[in-house]
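Peer 1: Spelled out, the chains give:
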Amino acid sequence: MKIIDDALHKLTCLVVSASDLDRHLLGTGLEKLGATDVLSCPSGTEAFNILNSRRQPVDLILADIHAPGFHGFALLQALRVGNIKNMRLNATFVLTTESPQIDHIQAASALDANGFIVKPVEFARFQTAIAKARRTVFPPNPGRHANVTLPAILGDARVK
Amino acid sequence: MSNSTLAMLGLGGETGSAQLHRIKLSDYLKIEEKLSAEQKTALAVFLAHGASAQDQDQLDESGSIIQLIIWSSDSAAAESVAGSAVLNADLPRHILWMLANDDERVAAPVLEKSAALTEEDLLGIIQWSGNPGKMNSIARRDAVSETVVHALACHGDETVARTLLENSGAMVSADAFDVVLDRFGEIESIQAAIAGREIVSSAVAQRLLSVITNPEIGAVLAARETAPPSNAASPARFGAIGLDFAESEQTLDSGLNVLVKDGALTEPALVELLLDGGFELFVRAFARRTQSDPKDTRRRLVEETAEFLPLAWKTAAFSEDWLPIARAAMLALIELRDATGSTDPKLFRRNLYALTGAILRREGVKLTGARLDFFVRHKPK
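First to last, the sequence lines map onto chains A and B. Position one of the first sequence corresponds to residue 1 (the working numbering), numbered consecutively onward. Position one of the second sequence corresponds to residue 1001 (the working numbering), numbered consecutively onward.
Misleading hints may appear alongside valid ones.
Straight-line alpha carbon distances no greater than 20 Å define the calculated EDC-like cross-link-like pairs of lysine to aspartate or glutamate that follow [what the hints assert, rightly or not]:
{"hint": "1", "chain 1": "B", "residue 1": "Lys1024", "chain 2": "A", "residue 2": "Glu98"}
{"hint": "2", "chain 1": "B", "residue 1": "Lys1295", "chain 2": "B", "residue 2": "Asp1253"}
{"hint": "3", "chain 1": "B", "residue 1": "Lys1379", "chain 2": "B", "residue 2": "Glu1112"}
{"hint": "4", "chain 1": "A", "residue 1": "Lys119", "chain 2": "B", "residue 2": "Glu1032"}
{"hint": "5", "chain 1": "A", "residue 1": "Lys119", "chain 2": "A", "residue 2": "Glu31"}
{"hint": "6", "chain 1": "A", "residue 1": "Lys119", "chain 2": "B", "residue 2": "Glu1033"}
{"hint": "7", "chain 1": "B", "residue 1": "Lys1113", "chain 2": "B", "residue 2": "Glu1146"}
{"hint": "8", "chain 1": "B", "residue 1": "Lys1034", "chain 2": "A", "residue 2": "Glu122"}
{"hint": "9", "chain 1": "B", "residue 1": "Lys1261", "chain 2": "B", "residue 2": "Glu1249"}
{"hint": "10", "chain 1": "B", "residue 1": "Lys1024", "chain 2": "A", "residue 2": "Asp103"}
{"hint": "11", "chain 1": "A", "residue 1": "Lys32", "chain 2": "A", "residue 2": "Asp103"}
{"hint": "12", "chain 1": "B", "residue 1": "Lys1314", "chain 2": "B", "residue 2": "Asp1373"}
{"hint": "13", "chain 1": "B", "residue 1": "Lys1024", "chain 2": "B", "residue 2": "Asp1057"}
{"hint": "14", "chain 1": "A", "residue 1": "Lys10", "chain 2": "A", "residue 2": "Glu31"}
{"hint": "15", "chain 1": "B", "residue 1": "Lys1034", "chain 2": "A", "residue 2": "Glu98"}
{"hint": "16", "chain 1": "A", "residue 1": "Lys32", "chain 2": "B", "residue 2": "Asp1074"}
{"hint": "17", "chain 1": "A", "residue 1": "Lys119", "chain 2": "B", "residue 2": "Asp1027"}
{"hint": "18", "chain 1": "A", "residue 1": "Lys119", "chain 2": "B", "residue 2": "Asp1074"}
{"hint": "19", "chain 1": "B", "residue 1": "Lys1030", "chain 2": "A", "residue 2": "Asp103"}
{"hint": "20", "chain 1": "B", "residue 1": "Lys1030", "chain 2": "A", "residue 2": "Glu122"}
{"hint": "21", "chain 1": "B", "residue 1": "Lys1379", "chain 2": "B", "residue 2": "Asp1142"}
{"hint": "22", "chain 1": "B", "residue 1": "Lys1030", "chain 2": "A", "residue 2": "Glu98"}
No wet-lab data here; the hints were simulated from the structure.
Based on the provided sequences and hints, a complete structural model is requested.
Peer 2: Encoded structure:
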């Protein structure tokens, strides 16, 4: 069922989360908002590869901050500094988590995250958060974003 | 925040408000699900209002809660938070940055009034938003630098250009006038706005005269006394600082006598002289207070401001509390010395005030108590 006509009409979205249930719920939510093409994957590494290999850019990315391999913050930073080809540096990016910490919120702000969703989230709130993310457009600033220190995330494969 | 909302948060009673000021992110997350959108907005507004009374740890907690609420709010709620956030200079900058990049209605008060946004921030929004409404809000700021004015002239529409021209706090350079005339020179309201500027160089006036079709605007332009082009040689201004360079020695001496007679060789009185652009009288008053040679005092203030002013301030037995504002005003005066070519006292004082404020912010100086009251009171009308 499509609740909101054309809110995300003809847009391609990518959901990144290790949880099958989250991918299903968030993906279904995006479809209810009108997204016609919803991709999903369980890890940041796969997301990075998907985004890098697509001809058509993804319009909205929804990534769990604890996504394995290449966590949500690392993926967002890679996007903002221009390490993902074929994607706009200021593409809409929403982080999700079940347990936000102050340093998570500060890093998300510093990286100009368009949204930050605390799970579980009911559909009405999800809809408002996505609308908020879509109406916020930041100017690209790769120099500033490259200097943002990412919070330590448990299980981050990039951390040696 | 209303008592009913406090009660809803489980914080009713006399101590509710104080408790709420100390709310932690973890507390908020426990009750978040139970709060309506209106209550969340009220909480964000409440925390934004109280930010100045919080220490850094609590600011981090409150800032995170406000940020989470903004991320989950609709446009109307974000607008309420923006109206409140812009009034508090102590809020984390990232909150104002987020609001400034929200839709036009939310961003408007922040873009127009927030001192937390840097020139780089404003330029980014002008160049990337492509939103004339946002640009118009920036054009209405109390002080708009030459760089920002130029960007607005290049990217904005006719309304933005007119707002800029009608804003006496906008520093419109000869280049920016050229851009506006290139893009909108045929439009009568733009012609009238240029003719109505307090300062227009003769080159701009000449160019405007060549395009105007309305004789009334032509008459306004012909009747006004145009300022010389900013790059013209102006021997009268050579070495001048501030607005009192044209005063005679006799006038300055008599001004000093009045200050001495009134017992006004005090910190606020001297800082007031600086903010009024009265540099030469300041030099005389300061030299009298430090019992030094005025010529030597003047030279060292200009050439060695950073080193000399604190030493002389100590010699004058002045309170250190006033030194940062005196130093910022002095640096602003020196910076403005040859920057504008303007002979208009009102515009000069506005620019001086804006630049002094910018230097204080840049150096992380927080004015409090009497110094803050003094600075706010001295904002030029």
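Peer 1: With reference to the structure, classify each hint as holding or not holding.
Peer 2: How the hints compare with the structure:
Using a Cα cut-off of 20 Å, the hinted pair B:Lys1024 and A:Glu98 holds, with the two alpha carbons roughly 17 Å apart. Using a Cα cut-off of 20 Å, the hinted pair B:Lys1295 and B:Asp1253 holds, with the two alpha carbons roughly 14 Å apart. Straight-line distance between C-alpha atoms of B:Lys1379 and B:Glu1112 comes to about 17 Å, which keeps the hinted pair within the 20 Å bound. Taking the CA atoms of A:Lys119 and B:Glu1032, the gap is about 11 Å. The hint holds against a cut of 20 Å.
Simply put, A:Lys119 and A:Glu31 have alpha-carbon atoms about 18 Å apart, close enough for the 20 Å limit, and the pair holds. For a cut-off of 20 Å, the pair hint linking A:Lys119 to B:Glu1033 stands: about 10 Å separates their Cα positions. The hinted pair formed by B:Lys1113 and B:Glu1146 meets the criterion: a straight-line CA distance of about 18 Å does not exceed 20 Å. With a C-alpha separation of about 12 Å, the suggested pair B:Lys1034 and A:Glu122 falls inside the 20 Å cut-off, and the hint holds.
Distance restraint check for B:Lys1261 and B:Glu1249: the Cα-Cα separation of roughly 18 Å lies within the 20 Å cut-off, and the hinted pair is therefore satisfied. Proposed proximity of B:Lys1024 and A:Asp103 is supported: the alpha carbons are some 13 Å apart, at most 20 Å. Of the pairs offered as hints, the one joining A:Lys32 and A:Asp103 is violated, with about 32 Å between alpha carbons and a cut-off of 20 Å exceeded. In summary, the hint linking B:Lys1314 to B:Asp1373 is not supported, as the alpha carbons are separated by about 23 Å, beyond the 20 Å threshold.
Our distance criterion of 20 Å between C-alpha atoms is met by B:Lys1024 and B:Asp1057, whose separation comes to about 10 Å. Simply put, A:Lys10 and A:Glu31 have alpha-carbon atoms about 10 Å apart, close enough for the 20 Å limit, and the pair holds. For the suggested pair B:Lys1034 and A:Glu98, the alpha carbons sit about 16 Å apart, so the restraint of at most 20 Å is met. Between the alpha carbons of A:Lys32 and B:Asp1074 the distance comes to roughly 18 Å, so the proposed pair stays at or under 20 Å and holds.
In summary, the hint linking A:Lys119 to B:Asp1027 is supported, as the alpha carbons are separated by about 16 Å, within the 20 Å threshold. At most 20 Å may separate the alpha-carbon atoms for a hinted pair to count; A:Lys119 and B:Asp1074 meet this at roughly 18 Å. For the hint linking B:Lys1030 to A:Asp103, the alpha-carbon distance of about 18 Å falls within 20 Å, and the restraint holds. Distance restraint check for B:Lys1030 and A:Glu122: the Cα-Cα separation of roughly 16 Å lies within the 20 Å cut-off, and the hinted pair is therefore satisfied.
Using a Cα cut-off of 20 Å, the hinted pair B:Lys1379 and B:Asp1142 holds, with the two alpha carbons roughly 10 Å apart. Taking the CA atoms of B:Lys1030 and A:Glu98, the gap is about 12 Å. The hint holds against a cut of 20 Å.
Violated hints, listed in ascending order, are 11, 12; each of the other numbered hints is respected by the structure.
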